[in-house]
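Now for the letters of each chain:
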Amino acid sequence: MDYINAFWIGGLVCALVQILLDRTKLMPGRVMVLLVCSGAVLGALHIYQPFQDFAGAGASVPLTGFGNLLWKGVKEAVDQEGFIGIFMGGFKASAVGISAALIFSYLASLVFEPKMKK
Amino acid sequence: MTKGLQSIEFEKSPYLVSSASVAGKKEGEGPLGKMFDMVEKEDLFGENTWEEAESTMQKEACLLAMGKAHVQAGDVRYLFGGDLLRQGVATSMGVAELGIPLFGLFGACSTSGEALALASMSVAAGYGDYMLAVTSSHFGSAEKEFRFPLGYANQRPLSAQWTVTGSGAFLVGNRRSHVRITGVTVGKIVDFGLKDSQNMGACMAPAACDTIIRNLVDLERTAEDYDRIVTGDLGYVGQSILFDLMRGKGYDIKKNHMDCGMTIFDQMSQDTHAGGSGCGCAATTLSAYILPKLIRGEWKRVLFVPTGALMSTVSYNEGSSVPGIAHGIVLEHC
Amino acid sequence: MDKERQQQAYENYVKKKTPVHNLPANMAKAFVAGGVICTVGQVILNLCERMGLNKDISGGWTSMILVVCSVLLTGFGIYPRIAKWGGAGTLVPITGFANSVAAPAIEYKKEGQVMGIGCKIFTIAGPVILYGIFTSWVLGFVYWMLKVSGIVA
Numbered sequence: 001m002d003y004i005n006a007f008w009i010g011g012l013v014c015a016l017v018q019i020l021l022d023r024t025k026l027m028p029g030r031v032m033v034l035l036v037c038s039g040a041v042l043g044a045l046h047i048y049q050p051f052q053d054f055a056g057a058g059a060s061v062p063l064t065g066f067g068n069l070l071w072k073g074v075k076e077a078v079d080q081e082g083f084i085g086i087f088m089g090g091f092k093a094s095a096v097g098i099s100a101a102l103i104f105s106y107l108a109s110l111v112f113e114p115k116m117k118k
Numbered sequence: 001m002t003k004g005l006q007s008i009e010f011e012k013s014p015y016l017v018s019s020a021s022v023a024g025k026k027e028g029e030g031p032l033g034k035m036f037d038m039v040e041k042e043d044l045f046g047e048n049t050w051e052e053a054e055s056t057m058q059k060e061a062c063l064l065a066m067g068k069a070h071v072q073a074g075d076v077r078y079l080f081g082g083d084l085l086r087q088g089v090a091t092s093m094g095v096a097e098l099g100i101p102l103f104g105l106f107g108a109c110s111t112s113g114e115a116l117a118l119a120s121m122s123v124a125a126g127y128g129d130y131m132l133a134v135t136s137s138h139f140g141s142a143e144k145e146f147r148f149p150l151g152y153a154n155q156r157p158l159s160a161q162w163t164v165t166g167s168g169a170f171l172v173g174n175r176r177s178h179v180r181i182t183g184v185t186v187g188k189i190v191d192f193g194l195k196d197s198q199n200m201g202a203c204m205a206p207a208a209c210d211t212i213i214r215n216l217v218d219l220e221r222t223a224e225d226y227d228r229i230v231t232g233d234l235g236y237v238g239q240s241i242l243f244d245l246m247r248g249k250g251y252d253i254k255k256n257h258m259d260c261g262m263t264i265f266d267q268m269s270q271d272t273h274a275g276g277s278g279c280g281c282a283a284t285t286l287s288a289y290i291l292p293k294l295i296r297g298e299w300k301r302v303l304f305v306p307t308g309a310l311m312s313t314v315s316y317n318e319g320s321s322v323p324g325i326a327h328g329i330v331l332e333h334c
Numbered sequence: 001m002d003k004e005r006q007q008q009a010y011e012n013y014v015k016k017k018t019p020v021h022n023l024p025a026n027m028a029k030a031f032v033a034g035g036v037i038c039t040v041g042q043v044i045l046n047l048c049e050r051m052g053l054n055k056d057i058s059g060g061w062t063s064m065i066l067v068v069c070s071v072l073l074t075g076f077g078i079y080p081r082i083a084k085w086g087g088a089g090t091l092v093p094i095t096g097f098a099n100s101v102a103a104p105a106i107e108y109k110k111e112g113q114v115m116g117i118g119c120k121i122f123t124i125a126g127p128v129i130l131y132g133i134f135t136s137w138v139l140g141f142v143y144w145m146l147k148v149s150g151i152v153a
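For the record, the sequence lines run as chains A, B and C. Position 40 of the first sequence, counted from 1, bears residue number 40 in our numbering, the numbering being contiguous throughout. Position 311 of the second sequence, counted from 1, bears residue number 311 in our numbering, the numbering being contiguous throughout. Position 29 of the third sequence, counted from 1, bears residue number 29 in our numbering, the numbering being contiguous throughout.
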């Protein structure tokens with residue numbers, strides 16, 4: 001069941017974003033920023049976490065889930081460390097995603113050559 | 001002598017002595033594939049970067065054009081060249097070895113027209129026996145310069161055009177051949193305020209319209225006086241807009257219009273969306289497809305109007321519009 | 001004023017003239033592509049949890065594995081081809097983020113380790129990181145204020 005939920009909810013989020021891409025002049029980079037920021041805001045409003053509990057990877061894999069993760073990290077850090085936690089939580093929570101992307105991309109740049117589009 | 005507001009009609013028309021076209025893999029697979037002088041299956045042209053590849057294309061095109069006419073680089077008085085890259089480096093790096101005195105030009109995709117106009121004016125004025133005009137574009141370097149890295153996963157809108165990997169070189173001189181440049185209409189910048197860099201046909205169509213009408217008025221001709229009116233890279237979207245704009249001014253060019261961007265690729269099988277673009281689009285099509293028809297006399301008189309969208313990534317990010325420019329070159333069989 | 005109206009008129013006219021992708025078809029493709037990627041994520045997530053890892057660590061493994069796959073597919077030039085078909089379905093998941101890091105890293109290697117890869121690896125992903133961190137900082141600040149003032153426990 002959780003596979004079905006992940007599929008249709010993850011797919012639905014993507015299909016809705018496709019409207020943004022096709023019907024507005026928003027460039028993909030801006031759409032990605034929009035997704036992360038709105039995920040964080042929805043997280044802070046206690047909307048995203050219940051949604052994610054239901055949809056599983058269908059909500060955590062899209063970039064909105066990344067935004068929610070940032071918020072969760074900040075909240076936890078504030079709960080534990082107080083004021084200084086505001087500056088700690090975001091990077092801590094997103095560490096795996098960002099580090100993995102940077103490290104593997106760097107390694108890839110050593111191995112792969114630029115290719116023409118087909 | 002000068003004619004009208006923006007045009008020149010040469011008293012002693014210079015000849016287009018020879019020309020050459022160099023193209024990339026995708027272009028080689030297109031409808032004009034067999035007509036290019038050189039098609040490289042490897043888009044790096046044996047070089048290390050897209051930029052070096054573009055420079056190599058320019059050099060090869062120049063050498064081929066001179067070779068066809070048995071003219072040495074030392075015999076060419078001046079070279080007029082340009083491309084789409086920052087500070088025109090593809091030209092600077094490409095033609096350096098030739099040792100021909102250089103005018104580096106930028107007219108976006110209209111550069112072939114700008115170069116041909118200046119080359120023919122210089123020959124007609126008696127400042128040299130041979131002038132070389134060259135331009136190029138490369139899909140890889142242009143995507144990098146204006147859009148995204150090639151591995152980036154984006155969907156191109158249907159109005160987007162595919163930058164042609166190719167270079168065209170033209171030797172203009174006093175020596176007799178079968179094509180003459182009899183007139184020139186230098187275009188002005190026309191800005192309809194459009195800001196969509198992914199719809200360049202619509203940005204450039206007003207400039208093409210302005211230059212074509214200017215040419216007809218200045219030289220006191222009708223559209224029917226030309227066998228073909230050939231625009232550079234308006235593409236499918238730009239062409240239909242051009243027709244509408246021309247009709248609004250009382251001209252109908254539907255019967256004898258042709259667009260290089262629509263000719264160089266097969267829209268259906270090559271999935272280029274609105275057609276080809278780039279300096280190389282108009283230049284290679286002129287050399288490989290249009291000039292042979294003029295040489296054979298199939299067409300007697302052609303108005304070649306390469307079009308350019310004037311923008312940089314900075315001007316685009318800062319919210320400036322994308323104005324267009326187009327230059328008209330009158331080519332006649334002789 | 002008159003010029004502005006003319007420009008607006010031209011823009012509207014161009015909009016009418018310009019073909020656009022078939023939206024329902026594109027949405028369907030995005031749905032399938034995005035759905036498949038999320039389902040793969042769910043498979044990894046479930047495997048990790050079955051191995052006894054807690055939720056957060058499982059989430060970390062899922063992100064990491066999806067990122068590796070995306071970077072490899074980008075390197076082999078396959079991800080852009082999937083994206084041409086799948087559109088937002090490949091942009092929205094974390095694999096799209098990884099692609100936006102890997103693509104400039106590979107493309108700009110010719111411009112050197114520092115000015116090429118080092119600077120330009122962030123050209124597309126940098127804004128995502130900046131605004132993500134900033135948004136969460138603002139939200140965290142508000143949360144801290146509410147906590148200090150006793151409105152939130």
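These are calculated hints, taken from the structure and not from any lab test. Hints should not be assumed to be uniformly reliable.
[Said to hold, decoys possible] Pairs of lysine to aspartate or glutamate residues, derived as DMTMM-like cross-links and limited to a Cα-Cα distance of at most 20 Å, are as follows:
hint: 1; chain 1: B; residue 1: LYS188; chain 2: B; residue 2: ASP218
hint: 2; chain 1: B; residue 1: LYS293; chain 2: B; residue 2: ASP196
hint: 3; chain 1: B; residue 1: LYS195; chain 2: B; residue 2: ASP266
hint: 4; chain 1: A; residue 1: LYS118; chain 2: B; residue 2: GLU145
hint: 5; chain 1: A; residue 1: LYS115; chain 2: B; residue 2: ASP225
hint: 6; chain 1: A; residue 1: LYS117; chain 2: B; residue 2: ASP227
hint: 7; chain 1: C; residue 1: LYS15; chain 2: B; residue 2: GLU224
hint: 8; chain 1: B; residue 1: LYS300; chain 2: B; residue 2: ASP227
hint: 9; chain 1: A; residue 1: LYS115; chain 2: B; residue 2: GLU42
hint: 10; chain 1: C; residue 1: LYS16; chain 2: A; residue 2: GLU81
hint: 11; chain 1: C; residue 1: LYS17; chain 2: B; residue 2: GLU220
hint: 12; chain 1: B; residue 1: LYS255; chain 2: B; residue 2: GLU224
hint: 13; chain 1: A; residue 1: LYS118; chain 2: B; residue 2: ASP266
hint: 14; chain 1: A; residue 1: LYS25; chain 2: B; residue 2: ASP43
hint: 15; chain 1: B; residue 1: LYS195; chain 2: C; residue 2: GLU111
hint: 16; chain 1: C; residue 1: LYS17; chain 2: A; residue 2: ASP22
hint: 17; chain 1: B; residue 1: LYS25; chain 2: B; residue 2: ASP266
hint: 18; chain 1: C; residue 1: LYS17; chain 2: B; residue 2: ASP191
hint: 19; chain 1: B; residue 1: LYS249; chain 2: B; residue 2: ASP271
hint: 20; chain 1: A; residue 1: LYS92; chain 2: C; residue 2: GLU4
[To be verified] Distance windows between CB atoms, simulated:
hint: 21; chain 1: C; residue 1: VAL114; chain 2: B; residue 2: GLU42; range: 25 to 31 Å
hint: 22; chain 1: B; residue 1: VAL217; chain 2: A; residue 2: LYS118; range: 28 to 34 Å
hint: 23; chain 1: A; residue 1: LEU16; chain 2: C; residue 2: PRO127; range: 18 to 24 Å
hint: 24; chain 1: C; residue 1: ILE78; chain 2: B; residue 2: PHE146; range: 36 to 42 Å
hint: 25; chain 1: B; residue 1: GLU97; chain 2: A; residue 2: ILE103; range: 57 to 63 Å
hint: 26; chain 1: C; residue 1: ILE78; chain 2: B; residue 2: ASN174; range: 52 to 58 Å
hint: 27; chain 1: C; residue 1: PRO127; chain 2: B; residue 2: ASN174; range: 52 to 58 Å
hint: 28; chain 1: C; residue 1: GLN7; chain 2: A; residue 2: ALA95; range: 44 to 50 Å
hint: 29; chain 1: C; residue 1: GLY52; chain 2: A; residue 2: ILE103; range: 24 to 30 Å
These numbers were taken from a predicted model, which means no experiment stands behind them. A virtual CB, placed ideally from N, CA and C, is assigned to each residue, including glycine.
Hints versus structure:
1. B:LYS188 to B:ASP218: It holds: about 14 Å lies between the C-alpha atoms, which stays within 20 Å.
2. B:LYS293 to B:ASP196: violated, 35 Å
3. B:LYS195 to B:ASP266: Since the Cα atoms of B:LYS195 and B:ASP266 sit roughly 28 Å apart, the hinted pair is violated (cutoff 20 Å).
4. A:LYS118 to B:GLU145: holds, 18 Å
5. A:LYS115 to B:ASP225: violated, 46 Å
6. A:LYS117 to B:ASP227: violated, 36 Å
7. C:LYS15 to B:GLU224: Given that 20 Å is the threshold and the Cα spacing comes to 31 Å, the pair is violated.
8. B:LYS300 to B:ASP227: holds, 7 Å
9. A:LYS115 to B:GLU42: Distance ~11 Å between A:LYS115 and B:GLU42 Cα, so the pair holds.
10. C:LYS16 to A:GLU81: Violated - the C-alpha atoms of A:GLU81 and C:LYS16 are around 56 Å apart, more than 20 Å.
11. C:LYS17 to B:GLU220: With Cα atoms ~32 Å apart, C:LYS17 and B:GLU220 exceed 20 Å; violated.
12. B:LYS255 to B:GLU224: With Cα atoms ~9 Å apart, B:LYS255 and B:GLU224 stay inside 20 Å; holds.
13. A:LYS118 to B:ASP266: Cα-Cα ~14 Å, so holds.
14. A:LYS25 to B:ASP43: violated, 31 Å
15. B:LYS195 to C:GLU111: Status violated; Cα separation ~30 Å.
16. C:LYS17 to A:ASP22: holds, 16 Å
17. B:LYS25 to B:ASP266: With a Cα-Cα distance of about 14 Å, the restraint between B:LYS25 and B:ASP266 holds, given a limit of 20 Å.
18. C:LYS17 to B:ASP191: Distance of about 18 Å is within 20 Å: holds.
19. B:LYS249 to B:ASP271: violated, 33 Å
20. A:LYS92 to C:GLU4: violated, 49 Å
21. C:VAL114 to B:GLU42: 25 to 31 Å: holds, 29 Å
22. B:VAL217 to A:LYS118: 28 to 34 Å: Violated, since B:VAL217 and A:LYS118 (Cβ atoms, about 45 Å apart) do not stay within the stated range.
23. A:LEU16 to C:PRO127: 18 to 24 Å: For A:LEU16 and C:PRO127 the Cβ distance comes to about 21 Å; the hint holds.
24. C:ILE78 to B:PHE146: 36 to 42 Å: violated, 24 Å
25. B:GLU97 to A:ILE103: 57 to 63 Å: Distance hint for B:GLU97, A:ILE103 is violated at roughly 42 Å.
26. C:ILE78 to B:ASN174: 52 to 58 Å: holds, 55 Å
27. C:PRO127 to B:ASN174: 52 to 58 Å: holds, 57 Å
28. C:GLN7 to A:ALA95: 44 to 50 Å: holds, 47 Å
29. C:GLY52 to A:ILE103: 24 to 30 Å: holds, 26 Å
This entry does not satisfy hints 2, 3, 5, 6, 7, 10, 11, 14, 15, 19, 20, 22, 24 and 25, going by the numbered hints stated previously.
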